[in-house]
Structure formats: structure tokens, C-alpha cells
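As they're listed, the protein sequences go chains A and B. Our numbering numbers the first residue of the first sequence as 1 and each following residue consecutively. Our numbering numbers the first residue of the second sequence as 1001 and each following residue consecutively.
Hints were generated in silico from the structure; no laboratory data involved. One should not assume that every hint holds.
Said to hold, decoys possible - Keeping only pairs whose Cα atoms sit at most 25 Å apart, straight-line, the calculated PhoX-like set for lysine-lysine is:
no.: 1; chain 1: B; residue 1: Lys1195; chain 2: A; residue 2: Lys254
no.: 2; chain 1: B; residue 1: Lys1246; chain 2: B; residue 2: Lys1402
no.: 3; chain 1: A; residue 1: Lys595; chain 2: A; residue 2: Lys581
no.: 4; chain 1: A; residue 1: Lys133; chain 2: A; residue 2: Lys112
no.: 5; chain 1: A; residue 1: Lys133; chain 2: B; residue 2: Lys1416
no.: 6; chain 1: A; residue 1: Lys468; chain 2: A; residue 2: Lys441
no.: 7; chain 1: A; residue 1: Lys133; chain 2: B; residue 2: Lys1195
no.: 8; chain 1: B; residue 1: Lys1032; chain 2: A; residue 2: Lys80
no.: 9; chain 1: A; residue 1: Lys133; chain 2: A; residue 2: Lys302
no.: 10; chain 1: A; residue 1: Lys254; chain 2: B; residue 2: Lys1416
no.: 11; chain 1: B; residue 1: Lys1140; chain 2: B; residue 2: Lys1032
no.: 12; chain 1: A; residue 1: Lys461; chain 2: A; residue 2: Lys441
no.: 13; chain 1: B; residue 1: Lys1251; chain 2: A; residue 2: Lys302
no.: 14; chain 1: A; residue 1: Lys562; chain 2: A; residue 2: Lys543
no.: 15; chain 1: A; residue 1: Lys510; chain 2: A; residue 2: Lys494
no.: 16; chain 1: A; residue 1: Lys595; chain 2: A; residue 2: Lys543
no.: 17; chain 1: A; residue 1: Lys562; chain 2: A; residue 2: Lys589
no.: 18; chain 1: B; residue 1: Lys1246; chain 2: A; residue 2: Lys254
no.: 19; chain 1: B; residue 1: Lys1195; chain 2: B; residue 2: Lys1251
no.: 20; chain 1: A; residue 1: Lys468; chain 2: A; residue 2: Lys410
no.: 21; chain 1: A; residue 1: Lys582; chain 2: A; residue 2: Lys596
Unchecked claim - Which stretches of chain A does chain B cover? Using the computed rule of at least three CB atoms under 8 Å from a CB of chain B, they are:
no.: 22; region: 95-107
no.: 23; region: 138-148
no.: 24; region: 286-294
Quick reminder that beta carbons are idealized off the backbone N, C-alpha and C, glycines included.
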Amino acid sequence: MSAAAGAEVELTADQQAELDAATEVAALVRRVLDGARTFPPGHKTLVGYYATLHERLTALLNGPLDLDELSLGVTPLGFKLFGRVMNPAESLGDSFTHALFLDGVHQLVFSKGLTASDLETLIAIWRATLDGKLGDTHTFCTRFWEADLQTVHVLAVETFSEGATSEGKQKSELQVVVDTLSSGGGGYGGSTSSIAGTSGIYSGSVSRVSRITRNDLEQLRAQGMPDLTDQDLARFDATERARVESLSPAELTKLAEDLAARTAQQIERATDALFQSGIRASPEELLNLRRAFSLVLSAMVKAGLLARMREVLTRRVVAAREGDVNDMAARFEVLGQLMGSLVAPVVLEPLVAALDDEAQAPHALAVLRFLPGGASSVLLSWLSLPEKPAARRALSDAIVAHAPSAEELKERMGWADEETALELLHIANALGVEASWPVRKVGLAHPSPAVRRAAVSNLPKELVLAHKAELAPLLASPDPDIRGPLFAPFIAAKEPTAAPALGTLLRRVKVDDAERRRVIVALGTLGGSEACGVLRSELTQAKDEELKLACINALAHAGDEKARPLLEEAAGKLLGGGEVKKAAQAALKRLDFLKKAGGGAR
Amino acid sequence: MSEELLKLGEDDVDVSMRFARGFLTKVARCLKTSTMHRMDNAAMQAPLHALHEAVRSGMEESPQLVLQMLDDNFFLNREIIKLDFTSYEAGHMLTGLLARIGAQEIAFTGPLTMEDLRAFVGAYQMFSASPNPTAMLAQKFAHVTVRAIPQAELERLKPKVDARQNVVRSYANLALVIGQQLEQMRAQRQVRLAKVRRAIHEIHDASAGFESLLLGLTRLDAFTGQVRFHLAAVTAMAVMMARRLKLPRAKLADACMSAAFHDIGLDEIAPPKAEVVTPDELEELERVPLKTILRLAEGALGGDALERIAVAWEHGQRATAGNVGFAQLVAVPCVFDRLTRPAPPRRVTLPDEALRLILSQAGTRFDARVVRLFVSVVGMFPVGTAVRLNSGELGYVVEAPKDVANFARPKVQVVKGAGGPANYVLDLGQPGEARFITGSVDPVELQGVNVMEFLLG
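This is chain A alone, in the form it adopts within the complex (with noise of 0.2 Å):
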């Protein structure tokens, strides 16, 4: 400390003992924190500072010095005692007592019989609030009064000056109250007036007191009791004082259990209340219960509570068929509220990436068929987020059930993802097969070839031929499973379109043998100059005596009569040819004959 700080008074040896050994307990305090930080709870390590820490405190309280307590005071700085910080920190960061002392702890105590669960909390508590992870609804101060320690306390000072007043000063609105509360401000029993300083609205205005009668059932209904009905009044008349009995010490237990058990029901009751109280909601009022609903729901799926979940909404459906009649289109909106927010990304995200789990999934996906209509468009938003394959497509299942439509799918294909773009076309092809193919369509160009084959796979025949100037050039793709389910509906169809495609096919896609065979032959059956051109060129260059069977036997089944001079050639050999050659003169042979009866090529 750099402080010019005044002159430190001189212990006694007994002070010094004590402040030596407290510096010693800041500095195992710190390590504990330290620890809290880096060790899970139970880890032996962290257990063994815990031990050590409860054990040189105990020993500081039982010891030589017979102390009481042991009173440290807290500085931004670290602990003091005597005036004198103890190994003070000498930065921010540094500081473990920094965040205690802005939220006015000044001392904190520790008492004889000090215990090692006390300890514990203590550091639960103080790792907590360095951590930043009370939240907003506590301090440190609050959550260590609430854990009621017993050994361990702290002195918390909200400020020192509130009682103290000088002249000229103005007073404190806090000093106004408690001077009005304190001469007794405004007496009992209506006789309000007005009251100096204060911002009270109803100022000057005088009450009347009265007693209770059958004729008050508006009034009471007004102050707190809005369904009191003319039966509740009647017992009214008849109640005698006389009759209260007092609590036992088991009754007051059983009510405080019963009291307390509730809190576990709170999300439930949370919702019931949203609903209930929406039914007298504005139309402006119901926007705001929609988020307010989607707050309250996303908590629920935070907690993983998405069972309670499908429980609540289930029973929320149900609620609002029954009851009565004269709300039921109230209920409905207000229903159509809760259902609503589901699809607020607070819940919808969490909810989605809840199918992951295996546990979980079959809730979350109960819970997404309460979605609204036309909640396609947000599902589908999500469809990217679940990361195993099943969750993936449990939750396009899911979006079949809200139809969505072939336009959207198709836009979100250009710019999905793999396994996106494939559960689009799973979802498309879950609308039926001519509506799916806009999607396909564009699933074809995806860069993904796993996209492409999905695009293509289970094709109708009709639906092929249907788009065939589309289809028809995949047939010379180089991925087998995409040209694969293509190639039957054409040649089947005898379609001359895909014999362009088929011809760019054989002369640059490596394709093996039985393929090139199947090709050649398929040519063969399309006939036309454009296959026969084909074939005659896949005749030339054929260098095995197998595909130049094939070649020829399907330029004779073509009736191609550009082909007579290469069969003529291959007829013609002198040496060797074999198979070849036999097969050459049988197709000439059928092109003699094809010439005679009237027909040539096809």
C-alpha cells in the first residue's frame, strides 16, 4: 500500500499472535476459493484445503489465545486485523474480498465450534458471488443470510449515515417516512390527511370507517376477494370470534411442509396462472402474454423439465374444451397464446436441441405437435440444429405433420447444408412425388453429390419422363448413382432424348465394361442416327472383342446402314476375328434383309 497511511499502533504479543495466525487463515481462505475454482466439489484435493482451513481456524479458536470469535474486517483489499490489511491484493483481479465489500460486508466473523459444513457454504457462497453466478435475485449478503449459518457470520453495513440529519441538508425521502411512520403519521382507522413530504396521491382525502354488511358484496369484491358471492357473506353473519383455536407445533409443522411443497409445482402454477388471468386480456395484453408465456415455457425446457412440459400443455388443451362456456372462445385465444409462443426462439431452440437426447426426445417432440399451424416456416429454421442423424430426422417428421410448402423447401435447398438439404428432400418427398420435384430440382445442383443422389433416388418413371430434357443429361453423370436410376426409365421409355447423354456418357466417363456393354445395348434399342453414331464410333475405338459384339449386334438390331462398311471391314478379315467376324456377317446379313424389306435404320 502506497498510502501515507497514519501512524500503526504497536501490538501486544497476543495481538501479534492472533494477527500472525489470522494472516496465515487469509491465506488458506484464498487457497480454498482458489481451489473451489479449479477442483470439482469432493475432489480430494479440495477436500484436503477444506480440511487444513477448518483445522487452523479451529486451532485459532480453541488455542492459547481462548478467542471467541475471530473478527476479520474486510477492505477491497483483502482481510484486516489491527489495522493492518493482510497480504493485500494488488490488483483488482487479485482481490477475493473486493466483491464482499462493495456489497457491504465489512466483517466477517467466525465463531467457536465453528463447523466444516458452515465452512463449506461460506465458500459455496463467496466462489458464487466472484463467479458472478448469483444472478439478479441475490447477493452475497442475501444468500449467506438465508443460509442461516450458525458458526460463521458476517456484519453487512447498507450505510452508516441514514440516522444521522444535519441543518441545511435536506432529508431523505427515507427519513421522511420514518419521521411520518414514527409520530405516528395519519393514525388509525381512515382519519388520512395530508402529510408533509410526501408524494402520496391520495393527500387530503378522508375514509369512513363502517362495519360490514350483506349490502357490501361490490365493496369486498374490491378489496381482494373479486368472486365473494352472497352464500360467503351468509357465513359471515354466523362466525363468532370465540371460536379460533391456536395452532399446535405439529399443525404449524405441517402447514409449513405444506406451504413449501407448492414451490415444486411453481412452473405449473406459473403457466395455469398466465392462462387464467389472460382471459380477461386486451388484444394488446395477449401479445404480451404470448412472451410472457414463451418465459415462462423456456424455463421449463432450460430445466429439462420437457415431460412437466407435454404434461402442462396437454392438460392446458384439455382446460380450455371444459369449463365454461361463455369463456371458451377466450380460453381458445388465449390457448392459441400459450401454443404460440412455443415457437419464440427461447423455447424452440432448446426444445430442438433437446431431441439429441435420447431421454428427452420423445417429449420434445410431443411437445412440438401443440405447434401452431403454419409453424413449418420456424421449424424449419431449426432443422440444422439437431446434431445426430435421428433427432435430424425425427424433427422433419415432425415439420411433414405442419406442410409446409414445396416453394420454401426449394429456397432453403439453395443455401442448406448436407444433411439439411437431405431432410428437406426427405420432408419433400413426404408431400408426394410431383410436389417434391421443385425441390429436387434444385437439390440436383447442390454441391453435395450425397444431395444429387437423393434428388434422383426412387424417381417415378412417369415423373422422369415428365421432366426429361431436366433428367435426361444426368444420364452422363459421372456418379453411377445418380445416372443409375435414370437409365431404366429412359430406355424403357425408348426415349431418343437421353441418346445424346448416353453417347457423352461412353466417350468421357470412365465407365467399366458391363456398364458400357448395358449402354451400347440400350443404343441399340434407341436407335436413331444419333445412337448409331454411337455405336459406329464405339465400334471403331472398341479394343475388346466383347463390347465389339455388343457394338455390332446393336447397330444390326438398329438397322444402321452407315455401318455397313465397318461390318463389311470386320466381315472381311482374313485372319483371325472369330466371334467378331461371325457376328459382323450375321448383322449383315439382317441389314441385307432389313434393306429388302423396305426398312434401313431406324
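Put chain B on the given structure of chain A with help from the hints.
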């Protein structure tokens, strides 16, 4: 020491606290620099200008800036300065600097010029280095005073620990803190729930052993009709009920947090114009739970917000068998408070009448056990009720019965005896005491008596 450093870790403190810390730091730096450099040294200029600017800026908000030291604490205009890492060090430095001249207070009392400031700091430089530094306290400076705080004033500055006054202060603080949060909600700013929680803790601690005083405070007509005081009264009564139940502290705080926000929608209702409620007003009042819930949902939805939302709705509903929760701990005091302290000019129901009505609804609207609990806390004639005894004496209830079997036999401050004005306390619960309360009376009959004097006695 830069402004940025001063702001470290201060997200949760308000602007005035930040100013106070900065001001303290600037005073310390200016005086410290003067001990190292001559006044005409260039190094003096920056601290002088910084302090001059701080004084000028502070005086826009307050006519004077009084910086005081008491024990280890610093106060600016009597408000404690919660020091942070940087200002703590500056404060420590300032303690030493002022100790040299025997001072504990520096006050800037008027429009300070740079020359005034130079004269003051120059004098400090001279006196602090002189053999008789305390002589500076006898000097006069333009718009600056420096002095040792007299012992009597020091005593006044120290926190007062009068237990009864502490109850009053805690209750007032609770109401104001709740009110602040309502304003925060209205302005759509962040709600500081931890402050409310802390105020609940304080009232719990302060009221132990002073339940009658707290009850008396909740029943005062002062501030009647202000929602924050309705919420504070219900919260205070919930604290007492929860304590009687021996709820664990965390549960107690949760229940009372729900009480503190259970009817915030009332804040949006226009004040009543007539004694009798109109159908339109009734309809608007029926929408209060919705308004409350929407506001709660708008605010920070921390872990226990769901409980608060649930309670905001449930406390207005009938209790069904076995379906009892913290809402019941709120429902009974809420109805009691709204009946006995309605917003003027609505008619006030006498407290014993209100209790009889609540008793008549035990087992239907209210959980019967909670009603019995409530009666055991407030008694059949709550504190502040004007009563007539069978002997003809008139008085005010000043303490609920200690023996819960004697709900209807509290301590009464008799103010009117058979022969005229009187001033004595009767404990009707004493064995052998034949006198009993025949009923409540209109407080108008006892006008001029200040019950709070007896309660604070």
C-alpha cells in the same frame, strides 16, 4: 489513476456513488501531490484542475460538498461512500493526510474558484510541513472549510441502534425499496430484486421481539392507498407468519418476495373517486392479477419469478383442499390490509370486522390453518384497533396477546376511563382479569391519541 480505473467493477452502483468515490480520490491526490511538489510545479496543475472540476460538477447537484471521515468510513454529504478497490486506497491515503493537520472534515461550501482552491491547497502544503500543522484548522478559506469533528457530532454521526426505531426504519426502507422497483419496472429498467430481498431480511431481523410495533406500523393510515405501502404491509405480515411457522430462511425469503410483488398491478389502477365502487372500477380491479403477472414477466425472470407469477394469481383465488402454497400466506394479509386500509375515499372496515370476515371464509376462500396462523400473529383485535371494554373504558390495542389461546385479550392502552382521560396499560390476558373487549369502536372517538407513541414507548 484514470477514470476508467475508477469505473472498474462498478456496474451495480449508481452515478452518485461513482461521483463520491471519484471526488474522494481527487481530494486525496491533490493533497498528496502538494506534499511532494511546489504549487507552481507543473505536476500540481492536473490534480488541481481535476479537483476544481469535480467540485464544480458536484455543486450542480448539491449546494455543498462535505467530505467526512469516521472510523474507517468516508461520507459525502452524510451518505456513506462504498469504497471500491481504487478509492479504498485513496481513502486510506487521505486519512493519513488529514490526520497530519488533525482534521476529519473538508467542506466545499460555495462557488469555488481556482484561486480559492490554490490558496487552500497551498495552505495545506505549508501547515502540514510546519511544526504546528493543526494550526491550519484555525484558518479561514474562501468557500472551503477544514475542521476536526467535535465529539458530540461524531456521536450523532455514528449509527443509532435503537431497536424500536430500527423496526420503523426497516419497514420504511422496505416500502421505499419496493417503490423504487416499481418505478424501475415502469421505466422498463432493470429491477434490483436483491435489494428487496435484503430489505426483507432486515425487517425479519429487526422485528424479532417487536412484532406488535411492526403490526402497528403496517396498520397506520399514513401513506394509505400507496401501492408500495400495501405491498410492504403484506410483506411484513407474511414475514411474521413465516417466522411463526419456522420456515427455513431461504423459503421465508422466497415467500416474502412473492408478497412484495403480489399486487403490483394495482399501481396501474386509477385512484378511486367515490366511496362506492363502480362496475367499471370493479372490472378494472379484476384485471389487476393479469397486469401484475405481465409486469412480473416483463421484469427479470430469475429462478423464483415463476413462484411470484403463480402467487400473483393464486392469492386472489379460493383455496381448495390440500392446494395450499405461499399464495395463502399472502392472500390473508392482503385481504386484511385492503379491507382495513383501502385507498381513500373507500370505506374502511374495522379490523375486528375484517378478521371476522376472513374467519368466515376459512376453509373456502382461505386455508383454514393459515387463517388461524394469521389470527395467532395479529390477534383478534390487531394492534392499533380502538376498542371499548365491558367496563366502559376506551383504548387502543398496543400488543397482540402473547398467549395465543387468548386471541381476543390483547394489551390495551386505556385513554378514556369512566372519569375522563386516562393513561394506563391493561393486559387483558392476565389471569383473573375480568375486563374484556366488547367490540371495536370508530377511532374518531379517540381522536387526539397517538398510538405510535405508546408503541415506540
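Each hint tested on the structure:
no.: 1; hint: Lys1195(B) / Lys254(A); verdict: 31 Å, violated
no.: 2; hint: Lys1246(B) / Lys1402(B); verdict: 17 Å, holds
no.: 3; hint: Lys595(A) / Lys581(A); verdict: 21 Å, holds
no.: 4; hint: Lys133(A) / Lys112(A); verdict: 30 Å, violated
no.: 5; hint: Lys133(A) / Lys1416(B); verdict: 59 Å, violated
no.: 6; hint: Lys468(A) / Lys441(A); verdict: 12 Å, holds
no.: 7; hint: Lys133(A) / Lys1195(B); verdict: 17 Å, holds
no.: 8; hint: Lys1032(B) / Lys80(A); verdict: 24 Å, holds
no.: 9; hint: Lys133(A) / Lys302(A); verdict: 16 Å, holds
no.: 10; hint: Lys254(A) / Lys1416(B); verdict: 44 Å, violated
no.: 11; hint: Lys1140(B) / Lys1032(B); verdict: 21 Å, holds
no.: 12; hint: Lys461(A) / Lys441(A); verdict: 16 Å, holds
no.: 13; hint: Lys1251(B) / Lys302(A); verdict: 23 Å, holds
no.: 14; hint: Lys562(A) / Lys543(A); verdict: 21 Å, holds
no.: 15; hint: Lys510(A) / Lys494(A); verdict: 24 Å, holds
no.: 16; hint: Lys595(A) / Lys543(A); verdict: 29 Å, violated
no.: 17; hint: Lys562(A) / Lys589(A); verdict: 14 Å, holds
no.: 18; hint: Lys1246(B) / Lys254(A); verdict: 11 Å, holds
no.: 19; hint: Lys1195(B) / Lys1251(B); verdict: 17 Å, holds
no.: 20; hint: Lys468(A) / Lys410(A); verdict: 20 Å, holds
no.: 21; hint: Lys582(A) / Lys596(A); verdict: 21 Å, holds
no.: 22; hint: 95-107; verdict: holds (count 6)
no.: 23; hint: 138-148; verdict: holds (count 8)
no.: 24; hint: 286-294; verdict: holds (count 4)
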